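A.B. asks: Sequential numbering from 1 applies to the sequence shown in full-length UniProt numbering.
Careful: at least some of the hints might be erroneous.
Said to hold, decoys possible - The list that follows gives simulated cross-link-like pairs (lysine-lysine, DSS-like), each with its CA atoms no further than 25 Å apart: (1) Lys350 / Lys324; (2) Lys107 / Lys145; (3) Lys324 / Lys416.
To be verified - Ranges between beta-carbon positions, derived for each pair: (4) Arg361 / Ile302: 36 to 42 Å; (5) Ala75 / Leu102: 35 to 41 Å; (6) Asp230 / Tyr316: 33 to 39 Å.
Since the hints were derived computationally from the structure, they do not count as laboratory data.
No experiment lies behind these values; they were computed from the predicted model shown.
C-beta atoms are modelled at their ideal positions from N, C-alpha and C, and glycine is treated no differently.
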Amino acid sequence: MKVSSPASLPVADDRPRTAAGRRKPVPIRVGLLAVVLASTLPATLVAIRAVYDSYEVLRNRVYESTIVLARTIAADIDRELEGIGAGLRVLASSPDLARGDLNSFYKRALDASKLQGVEGYVLADLQGNAILDTHQRYLPSRSIKRTMPPLPEHRDNLTTVMRLPADPEHGAAPVAIAVPVFLDGEQRYTLYADLHNGRLGEIMRRHAISSGWIVAMADTDSVIVGRNRDEGLYLGQQATPAIADIMHTRREGTLSRGRTKDGIPVLTGFTHINTAPWAVIVGAPAEALTAAVQRDILRVSIIGLLTVLLGLGLAYLFARRIEKSVGSLLEPALALGSSRYAEAAGPRFKETAAVADALERAAQSLAHARQLAYYDPLTELRNRNLFEELARLAIAGAPRSGASLALLAVDLDHFKAVNDTHGHAAGDTVLRQAAARMAGAIRKSDVAARYGGDEFMILLDGAGPAAAKTVADMLVAALGAPYPGIAPAVSASIGIAVFPQSGTTFEELVAKADAALYAAKAQGRSRAFCDPAAMQSGAALAGRPA
Numbered sequence: 001m002k003v004s005s006p007a008s009l010p011v012a013d014d015r016p017r018t019a020a021g022r023r024k025p026v027p028i029r030v031g032l033l034a035v036v037l038a039s040t041l042p043a044t045l046v047a048i049r050a051v052y053d054s055y056e057v058l059r060n061r062v063y064e065s066t067i068v069l070a071r072t073i074a075a076d077i078d079r080e081l082e083g084i085g086a087g088l089r090v091l092a093s094s095p096d097l098a099r100g101d102l103n104s105f106y107k108r109a110l111d112a113s114k115l116q117g118v119e120g121y122v123l124a125d126l127q128g129n130a131i132l133d134t135h136q137r138y139l140p141s142r143s144i145k146r147t148m149p150p151l152p153e154h155r156d157n158l159t160t161v162m163r164l165p166a167d168p169e170h171g172a173a174p175v176a177i178a179v180p181v182f183l184d185g186e187q188r189y190t191l192y193a194d195l196h197n198g199r200l201g202e203i204m205r206r207h208a209i210s211s212g213w214i215v216a217m218a219d220t221d222s223v224i225v226g227r228n229r230d231e232g233l234y235l236g237q238q239a240t241p242a243i244a245d246i247m248h249t250r251r252e253g254t255l256s257r258g259r260t261k262d263g264i265p266v267l268t269g270f271t272h273i274n275t276a277p278w279a280v281i282v283g284a285p286a287e288a289l290t291a292a293v294q295r296d297i298l299r300v301s302i303i304g305l306l307t308v309l310l311g312l313g314l315a316y317l318f319a320r321r322i323e324k325s326v327g328s329l330l331e332p333a334l335a336l337g338s339s340r341y342a343e344a345a346g347p348r349f350k351e352t353a354a355v356a357d358a359l360e361r362a363a364q365s366l367a368h369a370r371q372l373a374y375y376d377p378l379t380e381l382r383n384r385n386l387f388e389e390l391a392r393l394a395i396a397g398a399p400r401s402g403a404s405l406a407l408l409a410v411d412l413d414h415f416k417a418v419n420d421t422h423g424h425a426a427g428d429t430v431l432r433q434a435a436a437r438m439a440g441a442i443r444k445s446d447v448a449a450r451y452g453g454d455e456f457m458i459l460l461d462g463a464g465p466a467a468a469k470t471v472a473d474m475l476v477a478a479l480g481a482p483y484p485g486i487a488p489a490v491s492a493s494i495g496i497a498v499f500p501q502s503g504t505t506f507e508e509l510v511a512k513a514d515a516a517l518y519a520a521k522a523q524g525r526s527r528a529f530c531d532p533a534a535m536q537s538g539a540a541l542a543g544r545p546a
């Protein structure tokens, strides 16, 4: 890597620059295509998404199947209950009740229970007190200790399905169907048909239910009144809260996150029967469905991962080549920001080689422009603009560091006579020699600038009044030495201003340095004169006891 100072930068041209032995550049698109072809991550993600979409389709089908099964079972239960209700209404219109012959009605009810397939019949008054119960032999003198829930208000001979409280003494079933009994146009009794505990479960099991599927029925209080399996464990218990909430707000639907009473995750569908506001609930186990999907996703993921790893390996090897090629552009880019010239070392790709050439030319152009903008073309010293910028920065930072600095205004004595006697070319030669003598007499951290014509300014970093006077005297001696071929004696007068004694701004320091320069000329030229305020401060410091 070659780095040159701005003063020695070559002039930029339009000729292509190539390095000896540099390999033929390769288009980056070739490498990028190889990376794209090797990396199949998007395809893997699409495959996983396809598996998931198929899972969604299958899940929706399962949900639809639960709804269809629930409707089918609900329709079957409705037919069963409506048939029992029809027989119950026929029995309620028996002439035995009109005649008050309860013994004959008892026999008729026993025969009907066998035909209807019910557990038994109960005849109760309007308060729900049992008058006749086919679960036990009828005796006119026997008092039956059984209370039935009363019917809601009816306008006509409607059938009511209800859940009965458990009564082990009379063998009461959890579900009953009831109709009002009217005599002479007025309700006198209520007739109930008890369904045995497993009746609703038997209706459910008549249907083809897939293995692991669970079917249940819940009443208006969300109590389970029928189940296709494990009836002894769950009949009479509350349904899960999720089912209880949704069955009271919708007539039919699905539950996204359902669980059975024993905690098994299921895909749940439900619908209500027509004969009562009860719901048939169907749950399909989610485990088999999710296990198959997880297995497919795992298989696709493993294949995709292996493919992606292979692609990443190829991409990594190719990326290393790109990094090395692009890395060779870093130094030229950094050099461009600091107005230096740096040549990139052999990029491998055609595009990076073009960028390297562009950076090199841009650095050359920028450095040349900065040279013209901030340096005097004749003396190669800083020009007025750059000097003012640097001086203001130094003055702004001086209070924080507590350091002092000095500003020297330099003017060549009798320089006009050189131009008048020898011409401007000789004058330019004197200016160049004077600039070289000034640059050799100060430190590298100090700043010398041509301020205009034969006027110069020097910034002495960290110099107090005494140090500035010493440097100024050295400059007077150096600039007063003979200039070859120049007859008029050329010397220098220097005015000195010191921060902060002479001023705290650039303008104040320049004004005090100019005033001191005029004083030096007034005292006979070829000398240095320091601003009186700075000299007094320096003298006071020198006379202070240690």
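A.B. asks: If a hint holds in the structure, say so; if it does not, say that too.
C.D. replies: Hints, verified against the model:
no. : hint                        : result
1   : Lys350 / Lys324             : 14 Å, holds
2   : Lys107 / Lys145             : 20 Å, holds
3   : Lys324 / Lys416             : 60 Å, violated
4   : Arg361 / Ile302: 36 to 42 Å : 52 Å, violated
5   : Ala75 / Leu102: 35 to 41 Å  : 37 Å, holds
6   : Asp230 / Tyr316: 33 to 39 Å : 58 Å, violated
The structure shown violates the earlier hints numbered 3, 4 and 6.
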